[in-house]
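Okay, here's what each chain looks like letter by letter:
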Amino acid sequence: MMYRNTLRMSAACRWTRQLRSDILALNRGLCSSASLSKKEEKAEKKVFYNPQTEIRKESWNAPEDPYEPRHPIPKGEWRGALHQFSKKRGASVELISYLQRGIDFRPSALKKWWGGIQNDATSKDQTFKPDRVAALGFDLGAAHFIVHRGGRVRFKDAKEWVQQDEDGVYDLARHYRPGVFIEEIDARGTDLVYEGVESMMCVDSLYCDVLPEQLKYLKSLNVAGCPMVDDWCIDRLCGEYHNSLQHLDLSGCTRVTQYGIGALTRLRHLRSLNLHALDEVKNIKLLCLLLLDAFPHLEISGISYLGQATETVQQA
Amino acid sequence: MGDSHKPNLTFDCGTDRVLKAEDPFHVAHQELMDEFFRGQRRSLSLSYQTYENNKDNENNKDKEDLGTEKEKQYKFRRYQYSNPMERAFGIVKDDVVSFFKGHKKYFEEVKNETSEKTETKADTACREIYDFDPSKSDVAQNLWPTYCDVLVVGGGAVGSSIAYHLKETARDGLNVVVVEQDPNYTRASTVLSVGGIRQQFSIPENIQLSMYGMEFLRKSPALLEVEGLQAPDIQFNPNGYLTLASEEGYEQLRANYELQVELGAKVSFLSRKELSQMFPWLNASDVVAGVLGRENEGWFDPWSLLIGLQRKSVALGAHYVKGRVSGIVQETVDDMILEGTAHSNVKRLLSAEVTLGNGETHLINFAILVVAAGAWTGEVGRMTGIGEGRGILNTPIPIEPRKRYVYCVHAPDGPGLNSPLVVDPNGTYFRREGLGGLYLCGQSPPHDKEPSVDNLDVDYSFFEDNVWPSIARRAPGFENLKLRSSWAGFYDYNTFDQNGIIGLHPLFSNMFIASGFSGHGIQQAPGVGRAIMECIIHGRYETIDLERFGFDRILARDPLYESNIV
Chain Z
1 MMYRNTLRMS AACRWTRQLR SDILALNRGL CSSASLSKKE EKAEKKVFYN PQTEIRKESW
61 NAPEDPYEPR HPIPKGEWRG ALHQFSKKRG ASVELISYLQ RGIDFRPSAL KKWWGGIQND
121 ATSKDQTFKP DRVAALGFDL GAAHFIVHRG GRVRFKDAKE WVQQDEDGVY DLARHYRPGV
181 FIEEIDARGT DLVYEGVESM MCVDSLYCDV LPEQLKYLKS LNVAGCPMVD DWCIDRLCGE
241 YHNSLQHLDL SGCTRVTQYG IGALTRLRHL RSLNLHALDE VKNIKLLCLL LLDAFPHLEI
301 SGISYLGQAT ETVQQA
Chain V
1 MGDSHKPNLT FDCGTDRVLK AEDPFHVAHQ ELMDEFFRGQ RRSLSLSYQT YENNKDNENN
61 KDKEDLGTEK EKQYKFRRYQ YSNPMERAFG IVKDDVVSFF KGHKKYFEEV KNETSEKTET
121 KADTACREIY DFDPSKSDVA QNLWPTYCDV LVVGGGAVGS SIAYHLKETA RDGLNVVVVE
181 QDPNYTRAST VLSVGGIRQQ FSIPENIQLS MYGMEFLRKS PALLEVEGLQ APDIQFNPNG
241 YLTLASEEGY EQLRANYELQ VELGAKVSFL SRKELSQMFP WLNASDVVAG VLGRENEGWF
301 DPWSLLIGLQ RKSVALGAHY VKGRVSGIVQ ETVDDMILEG TAHSNVKRLL SAEVTLGNGE
361 THLINFAILV VAAGAWTGEV GRMTGIGEGR GILNTPIPIE PRKRYVYCVH APDGPGLNSP
421 LVVDPNGTYF RREGLGGLYL CGQSPPHDKE PSVDNLDVDY SFFEDNVWPS IARRAPGFEN
481 LKLRSSWAGF YDYNTFDQNG IIGLHPLFSN MFIASGFSGH GIQQAPGVGR AIMECIIHGR
541 YETIDLERFG FDRILARDPL YESNIV
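So the protein sequences, as listed, match chains Z and V.
Quick note on UniProt numbering: the first sequence kicks off at 1 and runs consecutively.
Quick note on UniProt numbering: the second sequence kicks off at 1 and runs consecutively.
None of these hints come from the bench; they were simulated from the model.
Nothing here was measured: the structure is a model prediction, and the numbers come from that model.
Among these hints, one or two may not hold up.
BS3-like, lysine-lysine: derived pairs with alpha carbons at most 25 Å apart [as the list claims (entries may be wrong)]:
1) Z/Lys219 x V/Lys266
2) V/Lys219 x V/Lys111
3) V/Lys219 x Z/Lys112
4) V/Lys101 x Z/Lys112
5) Z/Lys112 x V/Lys111
Across the chosen pairs, the derived CB separations fall in these ranges [as the list claims (entries may be wrong)]:
6) V/Ala222 x Z/Glu299: 33 to 39 Å
7) V/Gly359 x Z/Lys285: 51 to 57 Å
8) Z/Ala109 x V/Lys93: 24 to 30 Å
9) Z/Asp125 x V/Trp144: 46 to 52 Å
10) Z/Glu299 x V/His538: 53 to 59 Å
11) Z/Ala109 x V/Asp552: 44 to 50 Å
12) V/His538 x Z/Lys156: 47 to 53 Å
13) V/Trp281 x Z/Glu299: 19 to 25 Å
14) Z/Ser92 x V/Pro506: 28 to 34 Å
15) V/Thr186 x Z/Glu94: 37 to 43 Å
16) Z/Tyr98 x V/Ser509: 29 to 35 Å
A few chain Z residues that face chain V, going by a derived Cβ cut-off under 7 Å, partial list only [as the list claims (entries may be wrong)]:
17) Val93
18) Ser97
19) Asp293
Positions of the beta carbon are idealized from the N, C-alpha and C atoms, including for glycine.
Make the full structure from the sequences, and use the hints.
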């Protein structure tokens with residue numbers, strides 16, 4: 001068992017090192033996960049351009065370096081005394097685009113702008129951070145991620161839930177520990193977004209094809225009241241936890257539509273589903289009945305899909 | 001001015017721009033400013049209280065409602081007789097009150113109209129977007145864009161995506177005109193497609209384009225939002241794609257799977273036992289393995305994407321013109337010499353001749369032409385001489401229409417909710433449609449039995465002979481089904497290697513081609529639009545490098561094959 005765990009530990013580290021493609025020292029004895037998550041993501045957006053390939057020249061008189069930035073003043077021309085200060089690539093297109101947009105000072109527009117900034121900050125804050133996983137492993141990293149944002153986590157073989165107290169302090173291991181698996185996640189009320197679902201990734205979601213049966217642990221997930229959970233989040237959840245999730249709580253996630261709920265059949269071991277406050281979803285009762293067709297022992301709470309049927313039975 | 005509360009595209013001759021149509025703030029403000037000045041002028045003419053004015057005021061004193069135009073005019077006359085201070089303050093007070101009251105009423109009217117508009121049909125959608133209509137007598141509707149910066153031939157998903165990305169980045173810097181011959185989209189591939197999106201390709205650029213397409217769809221309510229209209233409802237079903245393989249195809253499937261995992265696509269490789277476990281309705285007896293997409297795969301509504309892109313482009317200032325490009329004027333650029341044969345003179349395209357519905361022809365002069373005409377790209381290419389010249393011009397654009405059928409069946413014993421889009425080893429596919437037991441299915445016919453492309457008639461014998469037996473063999477629940485409806489659409493089929501042709505043509509200095517996706521165009525439309533925008537504005541590909549998809553591979557006879565297509 002120990003052997004397998006150390007193997008998995010190095011697999012995790014190897015995987016994240018591959019991601020970051022540099023040597024990453026494990027952060028031993030360092031600060032809490034709060035500062036780990038505050039570190040700016042250093043991985044840049046990946047562009048499909050490999051600088052190692054030999055530049056194949058198209059013709060005998062093509063220039064050496066095809067990606068040389070165009071100078072605003074060509075080489076042979078006269079340049080003023082301050083030419084060193086001129087921008088190499090000219091004014092950026094984004095700047096010119098923003099200058100043309102005009103500033104909308106209406107209160108509704110300002111509110112929307114502010115909301116947009118908040119959403120961008122949340123997405124950036126919740127993106128997957130390889131550093132965290134490299135230091136803590138998947139399950140502990142996910143636990144830190146959720147507890148830091150106000151959620152609760154229960155580990156396998158533990159009875160107590162780990163959560164923040166009033167001072168924001170919580171008791172979670174700060175180094176990688178083998179044998180730690182999350183069994184239940186309670187992310188009620190946290191403002192979980194699409195990028196955050198990836199940070200919540202536990203080891204069984206990554207290796208769900210490769211791991212044997214007994215290593216699937218996440219049984220219950222509660223995202224009630226998270227306003228930004230929508231069909232794409234459900235897509236991600238189903239994709240990551242399709243082998244292990246048994247209890248799912250989606251109450252109050254108003255952005256979920258009938259298409260997202262129709263995809264919940266991908267969670268193969270689903271046993272209970274909570275759909276409170278989702279009566280506005282189109283065809284929700286039909287969806288509940290179809291889910292019962294797919295999972296005969298599924299318990300759906302929060303929707304009275306049998307309401308009319310019991311009335312007609314009583315009348316008859 | 002009576003029905004001017006209906007928002008429509010108006011051309012403001014003063015500032016020489018099209019006013020944003022669905023911007024009620026601007027329109028309401030403009031109207032009220034006009035009213036204000038008109039009222040002021042009227043009040044200055046009569047400066048004493050007359051008998052008639054007095055009587056009017058007594059009758060209308062309790063009518064404080066300043067919402068409609070007539071009442072506004074009434075109220076302004078009240079101040080004809082007062083002293084200047086009272087008059088000034090009274091007019092301003094009335095203006096403010098009527099502004100807020102009228103504002104509320106105006107917004108309610110807009111809300112009622114837009115809630116009707118969310119169930120728009122094709123003709124009402126195109127009536128708002130296509131601003132040139134020779135049957136209209138209104139001056140604003142009769143303006144012809146003689147000069148433009150970028151002319152996009154084809155107003156489907158790819159064309160609208162190009163227009164949207166160009167206008168979003170360049171705003172007023174580029175004048176973009178989209179020419180579409182059929183605003184009702186009766187033959188366009190976009191709206192007749194099944195709407196699937198997957199990452200299970202074998203070419204890295206295809207995978208990246210689909211991933212960006214997925215990201216674009218996810219952010220589309222924010223990106224394609226037009227004020228006053230509801231954001232487009234993409235209706236994404238995150239159910240995944242299941243590609244099955246028989247004995248012969250197992251190696252290829254395994255190789256594809258490994259490439260996809262390497263590039264970051266989230267897919268699972270399933271053995272026959274796992275397939276039967278996951279999908280009990282599936283008959284996996286002759287299937288060895290399958291690849292199931294775990295994330296970012298499924299199907300969506302292409303109509304919503306098209307309408308969303310169109311509305312946003314028009315709101316940003318693109319012009320949609322209803323017409324057919326019937327000729328292209330070009331000139332040879334004499335001072336550029338290409339290496340190659342004597343026929344390699346670089347040419348430049350100057351203007352396009354557009355034929356309208358009533359037979360008139362007009363010219364549009366452009367700086368850059370983008371051919372996104374889908375199945376008819378080969379035809380447009382022939383207008384410029386590609387395929388009808390010598391040397392490099394001898395090679396035509398190898399894109400032609402190929403007819404494909406889609407059948408909608410009702411099968412009460414079908415797979416049910418738990419079904420991805422299943423692709424058989426022999427090319428048959430089926431997917432669930434809605435919750436009522438409807439399924440869409442189809443198959444690519446063999447090469448020698450391609451149906452004729454003169455019309456969009458459906459061949460039912462093809463369903464009974466080929467498609468039904470195939471899906472019934474795959475899922476026995478389909479044995480009991482009823483064919484509900486069917487339709488046919490064109491693939492913009494690239495006869496060379498069935499992948500898109502994106503980029504400049506080597507001999508024309510300002511012509512881009514963006515077509516030929518052979519059945520997977522709808523998922524790559526946002527990515528291709530962004531790529532063409534980067535080519536035009538930045539001069540090179542910045543995010544996804546699509547150099548390999550250029551026209552050069554056709555000339556070099558170097559095909560870029562995808563190992564399996566649907």
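A quick look at each hint next to the structure:
1. Taking the CA atoms of Z/Lys219 and V/Lys266, the gap is near 22 Å; set against the 25 Å cutoff, the hint holds.
2. At roughly 24 Å between alpha-carbon atoms, V/Lys219 and V/Lys111 fall within 25 Å of each other, so this suggested pair holds.
3. Note on V/Lys219 and Z/Lys112: the hinted pairing holds, with a Cα-Cα distance of about 15 Å set against a maximum of 25 Å.
4. Distance check on the hinted pair: V/Lys101 and Z/Lys112 sit about 24 Å apart at the alpha-carbon level, within 25 Å; holds.
5. For the hint linking Z/Lys112 to V/Lys111, the alpha-carbon distance of about 19 Å falls within 25 Å, and the restraint holds.
6. Restraint check, V/Ala222 to Z/Glu299: a C-beta distance of roughly 36 Å satisfies the suggested window 33 to 39 Å.
7. Separated by about 55 Å at the C-beta atoms, V/Gly359 and Z/Lys285 satisfy the suggested range of 51 to 57 Å.
8. The hint said 24 to 30 Å for the Cβ distance between Z/Ala109 and V/Lys93, and at roughly 27 Å that hint holds.
9. Range check, Z/Asp125 to V/Trp144: Cβ separation about 51 Å, and the 46 to 52 Å hint holds.
10. In this structure the hint that Z/Glu299 and V/His538 lie 53 to 59 Å apart at CB holds, the actual value being about 55 Å.
11. One distance hint, 44 to 50 Å for the beta-carbon pair Z/Ala109 and V/Asp552, holds here, with the actual separation near 46 Å.
12. With their beta carbons about 51 Å apart, V/His538 and Z/Lys156 fall inside the hinted range of 47 to 53 Å.
13. Our hint of 19 to 25 Å for V/Trp281 and Z/Glu299 holds, since their Cβ atoms are close to 23 Å apart.
14. For Z/Ser92 and V/Pro506, the hinted distance range of 28 to 34 Å is satisfied, since their beta carbons lie about 30 Å from each other.
15. At roughly 39 Å, the beta-carbon separation of V/Thr186 and Z/Glu94 lies within the given 37 to 43 Å, and the hint holds.
16. Checked against the hint of 29 to 35 Å, the C-beta distance between Z/Tyr98 and V/Ser509 comes to roughly 30 Å, which is consistent with it.
17. Against a cut-off of 7 Å between C-beta atoms, the interface hint on Z/Val93 holds, since the closest Cβ of chain V lies about 6 Å away.
18. The beta carbon of Z/Ser97 is positioned within 7 Å of a beta carbon in chain V (closest approach about 6 Å), and the interface hint is therefore held.
19. Contact between Z/Asp293 and chain V, as hinted, is supported at the beta carbon level, the nearest pair being about 6 Å apart and thus within 7 Å.
In the structure shown, no violation is registered for any of the earlier numbered hints.
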